[in-house]
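Going line by line, the protein sequences match chains G and B.
The numbers in the working numbering rise by one with no breaks, and the one at position 7 of the first sequence is 7.
The numbers in the working numbering rise by one with no breaks, and the one at position 396 of the second sequence is 396.
Accuracy of the hints is not assured; some may be wrong.
[Unchecked claim] List time: in silico SDA-like cross-link candidates among lysine to any residue, alpha-carbon distance up to 20 Å: (1) B/K367 <-> B/M304; (2) B/K413 <-> G/E164; (3) B/K416 <-> G/A159; (4) B/K416 <-> G/G163; (5) B/K416 <-> G/T146; (6) G/K188 <-> G/D22; (7) B/K413 <-> G/T146; (8) G/K205 <-> G/P170; (9) G/K34 <-> G/R24; (10) B/K367 <-> B/N311; (11) B/K413 <-> G/S168.
Hint data in this document are derived by calculation from the structure and do not stem from the laboratory.
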Amino acid sequence: MNAAASAARPAPAAPSGPALLDVRDIGISFGGLKAVQAFNLHLPRGVLYGLIGPNGAGKTTVFNLLTGVYTPMTGTITLDGTRIETCRPHQIAAAGLSRTFQNIRLFGELSVIDNVRLGCHVRGRHGLASTLLRTPGHLAQEAAITRRSMELLEIFDLADRAGEQSRSLPYGDQRRLEIARALATEPKVLLLDEPAAGMNPQEKKELAGTIRLIRERFGLTILLIEHDMGLVMDICERITVLDHGQIIASGTPSQIQSNPKVIEAYLGEPGGAA
Amino acid sequence: MFAGLLPVVVVIALALGAYGLQRAEVIGPYWLNVLCNMGINILLAVSLNLVNGFTGQFSIGHAGFMAIGAYVAGWITYYGGLLIWNEVPVTPPEGWFPPQVWLFAAGCVGGGLVAGLFGWLVGLPSLRLRGDYLAIVTLGFGEIVRVLLQQTGPVLADAAAVKDAGLSSAMALGGSLGFVSVDTGLGLTAFNNLFWTVFFLGATILICYRLKQSSTGRAFLSVREDEIAAQAMGINLTRIKVRAFVIGAVLAGIGGGLFAHQSGNNLTPTDANFVRSFDILIPVVLGGLGSISGVVLAAALLTMLPEILRNPGEYLPLWPWLGAVAAIGIGVGLAIRHRRALREVCFAVAILALAPVLLALAGWACKKPGWITEKGFELGEYRMILFALLLVLMMILRPQGLFGVHEVWEMGKLFKKKPPKDPMGPAPVASALNSVASRGGGRL
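Given these sequences and hints, build the entire structure.
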């Protein structure tokens, strides 16, 4: 992890800085519906960036475009100098972009630690012969995967539940396990899709701390979708607001909070259009 | 390196031990036949479990791969024998390991490899499809294999023809009548014995076990659990699915090789049809999609089922032993309330132990004149109805199979000490909040 590199960089949030993730003019429509249009994003290394917007604004669609679930019809996505907009999801994960899901998608039947170990899969080589013969190299790699997974579980306070089935975890733990699994892929950029959904205030507070912690510890760049304004305004350095598939505002939390277009999108037109 | 090879040595030792018992005639011809068929059925089911159980794809054309392996292996032993020794033995030659038997072993491996090649050809395009479509493609594949085998030359070439025309005359595979030797009018030489059955079965189980314990196996399971999440974690879906499919096909091909050379079997094109595919599928669904031990036990039970129903009286005296196993299973299961997975394994073992007793009892009652019907009847004749009912019940009550993904050997965890709790562990307030949230916060 390049914690040193990220520490050496100037404070993030300068849009002109070198971008780790550079999204230019991507768009997609489903039938006649323009789900996302001319979406731009400029993520400098080490930034904690928020993506907000009312329900149906297209936030998750943006995530799906970034992670290759959908292929953008227009525009380019560049991750650390590599174009990824036409890559398939597993290639994008290998390139260093990892995500969590709005409605938790853990491997329910698998144990907690196996979920994280699966995340480590993409960084290893898994030849069939070495697996079946259990060569020393294979065993060393499996041991390293287990070690790393336990480390991650400890960070998320899940180590003593490592052997449990992941579907039997409490809701908050499942959310955190999903983040741990995403981190196991050793991403450069982490996309969190509503990580605080369904959490109580206490858990949200803990989550904010965890997100800050993992950014420091892994030198991560984080893009966060969240409905909870308190959380976003609290931890994000820059925010982009999306409405009807289009960017309506971009800036620091205080700029966003006072932006009339944002207020309008969330609360409706001041005069009442009816 | 040594640790990796030790189980292989154990498998060979077990195979030699079983073969020794056979040679010493401790195991008579009846049990020899039952045990070999059981081994072949287990092997086929375990190999299908890689695809349907681990990876969650629904293939119902496994008999196609089995038949390909069987025919390739038969072709190798028959025509290979003609070329090398100028004759195909009617019964396997005397001795522990006569040279002809090595040709048979090579035939099984060759059959496996060819079946694997077909697995790759079928899997690469069709595994991009999801769910039902894959089932349809694999079903069609099995039928194609069957029809193609029916179209092969009906009369196997004899030694003179092979000597004259070389292997160009050797494309006759028996047509719709099956692989029947011209010289003897019999099927292929019954080369299979307990050594090869146990050896190949042990190898298959070892392969599946090692896959399950490794990153590759976790990748298989992740595809089954959630394709979208697996992809997002960097799993190449097509590659992983094709890998499972090809390994499954190779193992099925080997099983087919054994099947073709098992005494009492006559290899015909109908061995590739979907009825046989379902025979392979049932133990997988019953035992547990993804559980190696569960599938092994279920396949063993299902092989025994017709035997039990044929002579229920012979199996009834086993009830104290099996009843004890069941009682222990239920007892332990009730005692370990907090570990759900292990408890389910206990109950599954209990059910599997009780099943033969109940079957024997049912078979015995049905046979008894005047008990259920006037004359009494063979319950075994209604086997397929029993299977169908069983599958319907499983789908309703426990769609993941008796064992789910869990294994019998996971019970070993009970004897491991739990690591001492961290004294600085999570504060009670926080964990209380957690549990409240888990009850309150519904998952969409």
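Here's how the hints hold up against the structure:
no. : hint              : verdict
1   : B/K367 <-> B/M304 : holds (18 Å)
2   : B/K413 <-> G/E164 : holds (12 Å)
3   : B/K416 <-> G/A159 : holds (17 Å)
4   : B/K416 <-> G/G163 : holds (13 Å)
5   : B/K416 <-> G/T146 : holds (18 Å)
6   : G/K188 <-> G/D22  : holds (13 Å)
7   : B/K413 <-> G/T146 : holds (18 Å)
8   : G/K205 <-> G/P170 : holds (17 Å)
9   : G/K34 <-> G/R24   : holds (16 Å)
10  : B/K367 <-> B/N311 : holds (10 Å)
11  : B/K413 <-> G/S168 : holds (18 Å)
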